[in-house]
Amino acid sequence: MTSSATTMDETEEQQDTRVPVTVLTGFLGSGKTTLLNRILTEQHGLRIAVIENEFGEVGVDDALVLDAEEEIFEMNNGCICCTVRGDLIRILGALMRRRERFDRIVIETTGLADPAPVAQTFFMDDEIAAQLRLDAIVTLVDAAHILDHLDEVKPEGVENEAVEQIAFADRIVLNKTDLVTEEHLTEVARRIHAINAPVEIIPAQQTKVPLTRILDVHAFDLDRVLEGDPAFLTDTEHQHDTTVTSVGIDLPGELDEQRLNSWLGQLLRTKGADLFRSKGILAIAGDDRQYVFQGVHMLLEAENGREWREGEPRRNRLVFIGRDLDRETLNAEFAACLTGARA
Amino acid sequence: MPRPASPRLVAQLTALKNQARQLLELAEEDIVLIRQLDCTQPGCPPVETVVAVLPPSGTSRRWTLHHPVDEITPDLLAAALAATPTVSESEGERA
Numbered sequence: 001m002t003s004s005a006t007t008m009d010e011t012e013e014q015q016d017t018r019v020p021v022t023v024l025t026g027f028l029g030s031g032k033t034t035l036l037n038r039i040l041t042e043q044h045g046l047r048i049a050v051i052e053n054e055f056g057e058v059g060v061d062d063a064l065v066l067d068a069e070e071e072i073f074e075m076n077n078g079c080i081c082c083t084v085r086g087d088l089i090r091i092l093g094a095l096m097r098r099r100e101r102f103d104r105i106v107i108e109t110t111g112l113a114d115p116a117p118v119a120q121t122f123f124m125d126d127e128i129a130a131q132l133r134l135d136a137i138v139t140l141v142d143a144a145h146i147l148d149h150l151d152e153v154k155p156e157g158v159e160n161e162a163v164e165q166i167a168f169a170d171r172i173v174l175n176k177t178d179l180v181t182e183e184h185l186t187e188v189a190r191r192i193h194a195i196n197a198p199v200e201i202i203p204a205q206q207t208k209v210p211l212t213r214i215l216d217v218h219a220f221d222l223d224r225v226l227e228g229d230p231a232f233l234t235d236t237e238h239q240h241d242t243t244v245t246s247v248g249i250d251l252p253g254e255l256d257e258q259r260l261n262s263w264l265g266q267l268l269r270t271k272g273a274d275l276f277r278s279k280g281i282l283a284i285a286g287d288d289r290q291y292v293f294q295g296v297h298m299l300l301e302a303e304n305g306r307e308w309r310e311g312e313p314r315r316n317r318l319v320f321i322g323r324d325l326d327r328e329t330l331n332a333e334f335a336a337c338l339t340g341a342r343a
Numbered sequence: 001m002p003r004p005a006s007p008r009l010v011a012q013l014t015a016l017k018n019q020a021r022q023l024l025e026l027a028e029e030d031i032v033l034i035r036q037l038d039c040t041q042p043g044c045p046p047v048e049t050v051v052a053v054l055p056p057s058g059t060s061r062r063w064t065l066h067h068p069v070d071e072i073t074p075d076l077l078a079a080a081l082a083a084t085p086t087v088s089e090s091e092g093e094r095a
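Going down the list, the protein sequences come from chains A and B. Residues 1 to 343 (this note's numbering) are what the first sequence spells out, left to right. Residues 1 to 95 (this note's numbering) are what the second sequence spells out, left to right.
Honestly, the hints are just simulated from the structure, not real lab data. Be a bit skeptical, because a hint or two may be false.
[Unchecked claim] Just a few of them, taken from the derived set where beta-carbon distance is under 10 Å, the chain A residues facing chain B:
1) PHE27
2) GLY29
3) ILE72
4) PHE73
5) ASN77
6) CYS79
7) VAL84
8) ILE89
9) GLU100
10) PHE123
11) ASP126
12) GLU127
13) ALA130
14) ARG314
[Said to hold, decoys possible] Some chain B residues close to chain A (C-beta under 10 Å, calculated; not the full set):
15) VAL10
16) GLN19
17) GLU28
[Said to hold, decoys possible] Far from chain A, some chain B residues (derived; all Cβ distances over 10 Å):
18) ARG21
19) LEU23
20) GLU29
21) ASP38
22) ASP70
23) ALA82
Ideal Cβ placement from N, Cα and C applies to all residues, glycine included.
Work out the full structure, taking the sequences as your base and the hints as a guide.
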């Protein structure tokens, strides 16, 4: 992976010609189709290819619409961390042969789709990563019904899709805000941030949200996320009432690459299934550039960030969103990777 | 901890993909994925590399090599691809 707006030098950012991909998720009735129709019909001047679930290939004005039927492809037997969407790989491959017809891609998932294989599709292969950039996972949430969905008790071993869709999101369009009270909205926001502390919530009615807030937003860029809420990394207030939470770490110093390798490898092997998303900007000892990574389950992609500025204190910021995360253990184990820490 | 793919690794992956295309006589539209994974299956070596072929429609195939990707030689790849793949069906392309 090669880019990420503000973390990159300007010249490097300008060189990123990959197609930004937005993934739209959300429960049935959350307004996903309405938003998609807006994207397809509004005079926004953008050339967007849309991959969706319901219709055959049709042309809507300048848009290119393709139909996908969910096909989970396992890269190895039984490991949920290594599943990708075969249908998307095929369609994206075909789409990239018509590269001149669009500037960005929007993928709509079904209301019950697991976001992980969709996201992992963009981490699984260097050729895909070289041509396409997963820009953001945008989850539409029905303000009136989301609490019921979050509180729905599932049989053992069955995931609560609403929780997962919020956990994976970079942006949440909180739709139908006109149907609920201010108190209800506050509670919804609290519950969303309890699951996914860094996520940006965009309130909306009838999915009327500026497209510039959900398309080509570089949402994986932790620097940008921290601009909006620099405190969330160290905020422990949200750690309650849910098994899916966020853990943010912000530590000064430089990391011993070998120790970090060992810890991260072990963490991904043992907790990969529970780690939905991870993002980080790290300072590796002996490296003049920031080490920037993002991951879905056990798949991580790394890139060289910008150079550390002269006199700039080295620091390490990372976020994990997942199930049954132990904040204290993660903090302690990560701190042990610092060069000054006792081995 | 992954490092940004080095030009050498990218070149190696491209060469392996091209070799796989030749050996399997693939069409241009067929997608080839090659990915090194940490294997958590009991009894397996800790690292494996998966080669997957997804045609525009029909059967997808994959092969697993119990080697890191930078240790895969043309001979190793050829031997692996000569074995019976794991297959999965698809409904077909709609693009």
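*Which numbered hints are broken by the structure, listed smallest first?*
Violated: hints 1, 2, 9, 14, 16, 20, 21.
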